[in-house]
Amino acid sequence: MRTVYTVAEVRDAEEQLMAGLPDGALMARAAAGLAVECARLLRERGGVYGRQVVLLVGGGNNGGDALYAGALLARRGAAVTALLLDPDRAHAGGRAALLRAGGRAVAPDADFVRGADLVLDGIVGIGGAGGLRAPAVPLAAAARGALTVAVDVPSGVDADTGAAGEHAVSADVTVTFGALKAGLVAGAGVAQVGELRLVDIGLGATLPAGRTFVLEAPDVAALLPAPAAADDKYTRGVVGLVSGSSDYPGAGVLSTGAAITGGAGMVRYAGGAADAIRARYPEVVVHEGAKPSELRVQAWVAGPGAGTDDDARELLADVLSTDVPVLVDADGLTVLGKHPDLLRGRSAPTVLTPHDREFARIAGAPSADRLASARAAAADLGATVLLKGDATVVAAPDGRAWINRTGTPWLGTAGSGDVLSGLIGSLLATGLEPPLAAAVGAYVHGVAAQVAASDGPPSSLDVLHAVREALRTIAAG
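In terms of my numbering, the sequence shown opens at residue 1 and continues consecutively.
Treat the hints as calculated values from the structure; they're not laboratory data. Hints are supplied without guarantee of correctness; some may be wrong.
[Stated by the list, open to error] No farther apart than 16 Å at their CA atoms in a straight line, the calculated lysine to aspartate or glutamate pairs in the EDC-like style are these:
id, residue 1, residue 2
1, Lys233, Glu283
2, Lys338, Asp309
3, Lys291, Glu314
4, Lys291, Asp318
5, Lys291, Asp311
6, Lys338, Glu314
7, Lys338, Asp310
8, Lys338, Asp311
9, Lys291, Asp323
[Stated by the list, open to error] Between beta-carbon pairs, the in silico distance windows are:
id, residue 1, residue 2, range
10, His287, Arg357, 30 to 36 Å
11, Arg75, Ala414, 52 to 58 Å
12, Arg357, Ser321, 25 to 31 Å
13, Glu469, Arg114, 40 to 46 Å
14, Glu15, Ser459, 49 to 55 Å
15, Asp23, Asp200, 16 to 22 Å
16, Gly364, Asp200, 38 to 44 Å
17, Arg278, Arg468, 19 to 25 Å
Cβ coordinates follow ideal geometry from the N, Cα and C atoms, glycine included.
Can you make the complete structure from the sequences, with help from the hints?
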């Protein structure tokens, strides 16, 4: 599990570390790691010697990292040219090192960028905010046609929020130093990051305890439920579903199918698409017309395709009156937006899984800082909030958060959220802590979509059918 930090936390850790190091040592570590990553990329494309490397250099330490890395590449035979956006503020030591190594420093010219084998973006570092300034815009545009490596963060992307300016650099690879920053894994700027590589510069001892995390395959494999020898269908957990209707039976089919694969030992169905469930899933116990609060389950899934009328409101109210974890999605979120009293004061855990428009109904529109928006909503509503997106954010009421990076745009298809709901509901029934159940479910869901998309554009049914293969992939590491 990787921990994610704010810019302020990283800055403080760097200052503590630098207090015990010789001047320039930390920048040297960063530049060395950056040069190694750049050299590896060039070797994959034929080698370092004789390759045209262009540095986009702003003022300050970010530009210094680029200049020192450029010097190391020049010593290996690359032809390195630094385009200095602000010569008076360019890092003096880095500039001198580059010139000594045989590189050159010139005024900005987009023609250099278009002819490069590799472009190193050192315009703005993690302290930058807002969009790029005018002189940098044509350089960032020209870099879109070249192999581009961002130094610590793509210029124009806010390292804390992930907000991206209109002309932000679009990197193929981002090499970040010391720790993951929230803006590299959540927010609109994730699309500009490309492949994310972390260089260790020794911050481990000075970084604080984290509260934001990124799950990786070994973490998920360890958290996924596995039955013990003495378990039976009841001890493995029973999940109930109030999903689907005569108008939207597919939501019931998809959420129930995912619940079957999620690890619970038994699935009860109390939604409005009973015939469709009976026809497709003979193993599911169907309670047509039953009152959910009278059924014994360890977790409920409510809302997908269930409708938004008065009957749906009464059904959701009944589910939320229980003392077990409840996941609310889709139509259920619309009902909660109109009747927030159904949720307020609930003592048992609740998981809400909105996309942006649903989030707006229950908590107001999310800001560019999606992590902060999800955290604020979780604290206000007293629920775990899973905010769907390119990078899905899961926020717990206590302030902890997880960011999922396995998602794919192919999940933007009707019904995929129903699959996610059923999967998380099943994990809740096994006893997994609600925020972790949501984070693990999002991870598995994303991998399933990747598997499903391997043969072409997937449907939500394809994603459902790929869940078992996703679980095998995760278990195999």
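Against the structure, the hints:
1. Lys233 x Glu283: Given that 16 Å is the threshold and the Cα spacing comes to 12 Å, the pair holds.
2. Lys338 x Asp309: Roughly 11 Å separates the two Cα atoms, so the pair holds.
3. Lys291 x Glu314: 10 Å, holds
4. Lys291 x Asp318: 8 Å, holds
5. Lys291 x Asp311: 12 Å, holds
6. Lys338 x Glu314: 13 Å, holds
7. Lys338 x Asp310: Distance ~11 Å between Lys338 and Asp310 Cα, so the pair holds.
8. Lys338 x Asp311: It holds: about 14 Å lies between the C-alpha atoms, which stays within 16 Å.
9. Lys291 x Asp323: 15 Å, holds
10. His287 x Arg357: 30 to 36 Å: 31 Å, holds
11. Arg75 x Ala414: 52 to 58 Å: Given a distance of about 55 Å, which is inside 52 to 58 Å, the answer is holds.
12. Arg357 x Ser321: 25 to 31 Å: The hinted range 25 to 31 Å holds for Arg357 and Ser321, with Cβ atoms some 27 Å apart.
13. Glu469 x Arg114: 40 to 46 Å: Given range 40 to 46 Å: holds, Cβ gap about 42 Å.
14. Glu15 x Ser459: 49 to 55 Å: Given range 49 to 55 Å: holds, Cβ gap about 52 Å.
15. Asp23 x Asp200: 16 to 22 Å: Hint holds: Cβ distance 20 Å, inside 16 to 22 Å.
16. Gly364 x Asp200: 38 to 44 Å: 39 Å, holds
17. Arg278 x Arg468: 19 to 25 Å: Holds: the Cβ-Cβ distance is about 22 Å, inside 19 to 25 Å.
Hint compliance for this structure: no hint is broken.
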